[in-house]
Each structure stands twice: as structure tokens, then as C-alpha cells.
Amino acid sequence: MHKTKTLGEYIIDNQNDFQYSSGELSRLLSSIKLASKVVNHEVNKAGLVDILGAAGDTNIQGEDQQKLDVYANDVFMKTLINREIICGIASEEEDDFVVIEGKNRSHDNKYVVLIDPLDGSSNIDVNVSVGTIFSIYRRVTPIGTPVTKEDFLQPGNLQVAAGYVVYGTSTMLVYTTGCGVNGFTLNPAMGTYYLSHPNMKFPEDGSIYSINEGYYVHFPQGVKDYLKYCQEEKGNRPYSARYIGSLVSDFHRNMIKGGIYMYPTSSKSPQGKLRLLYECNPIAFLAEQAGGKATDGYKRILEIKPSELHQRVPIFVGSKKMVDKVEEFMAKYPENGNY
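For the sequence shown, our numbering assigns the number 14 to the initial residue and increments by one for each residue that follows.
It is worth saying that the hints were derived from the structure and are not from the lab. These numbers come from a predicted model, not from an experiment. Cβ coordinates follow ideal geometry from the N, Cα and C atoms, glycine included. Hints are not guaranteed to be accurate.
The list that follows gives simulated cross-link-like pairs (lysine to aspartate or glutamate, DMTMM-like), each with its CA atoms no further than 25 Å apart [claimed, not checked]:
id: 1; residue 1: K247; residue 2: E217
id: 2; residue 1: K162; residue 2: E226
id: 3; residue 1: K334; residue 2: E217
id: 4; residue 1: K241; residue 2: E226
id: 5; residue 1: K80; residue 2: D138
id: 6; residue 1: K162; residue 2: D218
id: 7; residue 1: K270; residue 2: E340
id: 8; residue 1: K286; residue 2: D164
id: 9; residue 1: K237; residue 2: D218
id: 10; residue 1: K58; residue 2: D108
id: 11; residue 1: K18; residue 2: E37
id: 12; residue 1: K247; residue 2: E340
id: 13; residue 1: K123; residue 2: D238
id: 14; residue 1: K80; residue 2: D109
id: 15; residue 1: K281; residue 2: E217
id: 16; residue 1: K80; residue 2: E37
id: 17; residue 1: K214; residue 2: E316
id: 18; residue 1: K50; residue 2: E22
id: 19; residue 1: K91; residue 2: E163
id: 20; residue 1: K123; residue 2: D108
id: 21; residue 1: K162; residue 2: E217
id: 22; residue 1: K214; residue 2: D30
id: 23; residue 1: K123; residue 2: D87
id: 24; residue 1: K318; residue 2: E341
id: 25; residue 1: K281; residue 2: E348
id: 26; residue 1: K270; residue 2: E226
id: 27; residue 1: K214; residue 2: D337
id: 28; residue 1: K123; residue 2: E226
id: 29; residue 1: K334; residue 2: E316
id: 30; residue 1: K123; residue 2: E107
id: 31; residue 1: K333; residue 2: D164
id: 32; residue 1: K318; residue 2: E348
id: 33; residue 1: K237; residue 2: D337
id: 34; residue 1: K270; residue 2: D218
id: 35; residue 1: K270; residue 2: E341
id: 36; residue 1: K286; residue 2: D238
Distance windows between CB atoms, simulated [claimed, not checked]:
id: 37; residue 1: D26; residue 2: G204; range: 19 to 29 Å
id: 38; residue 1: T154; residue 2: N212; range: 30 to 40 Å
id: 39; residue 1: E217; residue 2: P159; range: 40 to 50 Å
id: 40; residue 1: D337; residue 2: E114; range: 19 to 29 Å
Full structure from sequences and hints, please.
See below:
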């Protein structure tokens, strides 16, 4: 009988895909796997214990932090720091990046991690899927010195790995190291992730669009025009509107079924709402590795040079033909590219 490969086995078997194969990146991915299982356990019992609701603090973005946000942040930070396999970490929930000062010369480590510990956390208390998004870069400052902001402010095309965990009806970890995208489903009885979705690919075209249409009046004209196109009765249109409000869940569905996810600029969010480093870059890397496309409406997400840790950008990501089409509509209003 053919044995399904576990995530641990897959990571070890594919170590040679990493450009700098020292085992360090494999151990780093294993740490993320471990932390995700701990967070998954808490997410799944969120309705039973007192971890719902706001924690009483706000994060750097001025948003209310959910208790589970704080918990997930602590778990990922502690797991990655305690294993002393990275030299720095930045989290959407932290004001600034953290320099890892370990006992065993952590300054000699090669990688930094950027993480959104619990994406879509406002959905927790209504039992809708949430997720974790992570992004890994090789440091650019000299090994042996403490990391600096320069190590984190790298364009997305320099990522060495990225992925997400979706805590849903089943829990899945999906990641890429630049050699395609693979999905692993957690068997809760065994506590083990198994390869369930090898070589995931976006359909070239799709029939689902995901956007918060409640903000329609605030959107740029190019986006409004594209939405009208999606709703026309012509060919395989109108498309289906599907919007969960958890980036990971919307992206995951669209990658499997074919579709586009959009979070444009608006008069309410003139820079866009999603964060370049913690959300857009890792999702864009995954999209391109799965044959999809990710753009801010005018240029490739992965080529944007970050200027700050919590920078926001608009994003259009999904099936290539759908993203191409929205860019056609946006191109009629070039002034909207100067967000």
C-alpha cells in the first residue's frame, strides 16, 4: 500500500531544493509546523474557554487585538526564538522587529521570519476559518552581527520560503520554497501533517471574485468598472461573489477553484489595507509559484521595495487571466497607481 508522505518526511526529502542547504531552513519549517499545531489546538477550543473577545490592547495598526491573536503571536515568537535557528523575527502584532539574542551565537543564523500569527481573527468568535501567514528571507547584513531593519525590508522576490496555515474544517499547512506549492492536512488523531495537495495550481481562469463590495462607493473607478464586468451576463459571466473576510481562506479557495481576491485602495484606506511584508508578499510568492499572478493593480507585488515594516499596499491576486483583466481596467486610470 502506498504510504502518504508526512510534512516532516517531505521537508527532509526536499532539502536539496534550498539554495543554501544547511538543514537550517528545514529546521525552521519544522518549528513553524510545531507552533501551528499548538495554535490549532487553541483555535479549535476557542468556543469553550476564555480566549474570545478583545485582549484590551491595540496593535501597531491601531486595531483591537483579539486574545487569540496575542496567544498565537506568543506561541510563534517563543517557538522560533527558543529553537535559536533564526537571527530575527518581525510580527504584524509587534511594533518593531525582534533581534534574537541566543546563547548559541544566534547572530550566526542566516534567516529572518516575518509573520502574521492570526490572520482574520475578527472571525474567531463566529467560527469562521482563520489562518497564519509566514515569510522567510535570507539576511542581507553580515552573519555574526545583529540583524537590522534592512534584513526585513527586502522585496518579495527575495523570499526563500513562504506559506500559510488555514485553521478550518480541516487544518492545512501550505508552503513553497520556490519549487511549486504543496499542501499538507493535519490528522488531528495522529498530530501529523500529511501531503494531501501536491503541486497546487491556480486554474488559469476562474469564475469567483472575492472583495468586500460593501465598500464599493469608496473604490477607484477601475475597480468599479471591473466589478461591473464581473456582474455582466455574458459568456461565463456573471461570476460568483465569494468573500469570507479571512485572506488565507479566500486565497485558499480561489487557488483550488479558480478566482481572484481583491483588496484595493479606497477613500477609507488610501494606501490599501493589507500589509506588504506580512500578508501580500508571502501570498504573492505562493500565487506565482502556483501559476497565478499578484499585482497592486499596476505592478508586480514581489517587485515593490518596502520602506517600512507595517507598510500597506493594495492587492489583486489569483488566476492569471482574471488579474490580467483587472489590470486592463486599472490601466485606464493611471493616476490611481500613485497611492
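Verification of the supplied hints:
no.: 1; hint: K247 x E217; verdict: 19 Å, holds
no.: 2; hint: K162 x E226; verdict: 36 Å, violated
no.: 3; hint: K334 x E217; verdict: 6 Å, holds
no.: 4; hint: K241 x E226; verdict: 11 Å, holds
no.: 5; hint: K80 x D138; verdict: 11 Å, holds
no.: 6; hint: K162 x D218; verdict: 38 Å, violated
no.: 7; hint: K270 x E340; verdict: 21 Å, holds
no.: 8; hint: K286 x D164; verdict: 23 Å, holds
no.: 9; hint: K237 x D218; verdict: 20 Å, holds
no.: 10; hint: K58 x D108; verdict: 29 Å, violated
no.: 11; hint: K18 x E37; verdict: 21 Å, holds
no.: 12; hint: K247 x E340; verdict: 20 Å, holds
no.: 13; hint: K123 x D238; verdict: 46 Å, violated
no.: 14; hint: K80 x D109; verdict: 20 Å, holds
no.: 15; hint: K281 x E217; verdict: 32 Å, violated
no.: 16; hint: K80 x E37; verdict: 32 Å, violated
no.: 17; hint: K214 x E316; verdict: 22 Å, holds
no.: 18; hint: K50 x E22; verdict: 17 Å, holds
no.: 19; hint: K91 x E163; verdict: 23 Å, holds
no.: 20; hint: K123 x D108; verdict: 23 Å, holds
no.: 21; hint: K162 x E217; verdict: 37 Å, violated
no.: 22; hint: K214 x D30; verdict: 19 Å, holds
no.: 23; hint: K123 x D87; verdict: 22 Å, holds
no.: 24; hint: K318 x E341; verdict: 23 Å, holds
no.: 25; hint: K281 x E348; verdict: 17 Å, holds
no.: 26; hint: K270 x E226; verdict: 21 Å, holds
no.: 27; hint: K214 x D337; verdict: 17 Å, holds
no.: 28; hint: K123 x E226; verdict: 42 Å, violated
no.: 29; hint: K334 x E316; verdict: 20 Å, holds
no.: 30; hint: K123 x E107; verdict: 21 Å, holds
no.: 31; hint: K333 x D164; verdict: 30 Å, violated
no.: 32; hint: K318 x E348; verdict: 20 Å, holds
no.: 33; hint: K237 x D337; verdict: 16 Å, holds
no.: 34; hint: K270 x D218; verdict: 9 Å, holds
no.: 35; hint: K270 x E341; verdict: 23 Å, holds
no.: 36; hint: K286 x D238; verdict: 20 Å, holds
no.: 37; hint: D26 x G204: 19 to 29 Å; verdict: 20 Å, holds
no.: 38; hint: T154 x N212: 30 to 40 Å; verdict: 35 Å, holds
no.: 39; hint: E217 x P159: 40 to 50 Å; verdict: 45 Å, holds
no.: 40; hint: D337 x E114: 19 to 29 Å; verdict: 47 Å, violated
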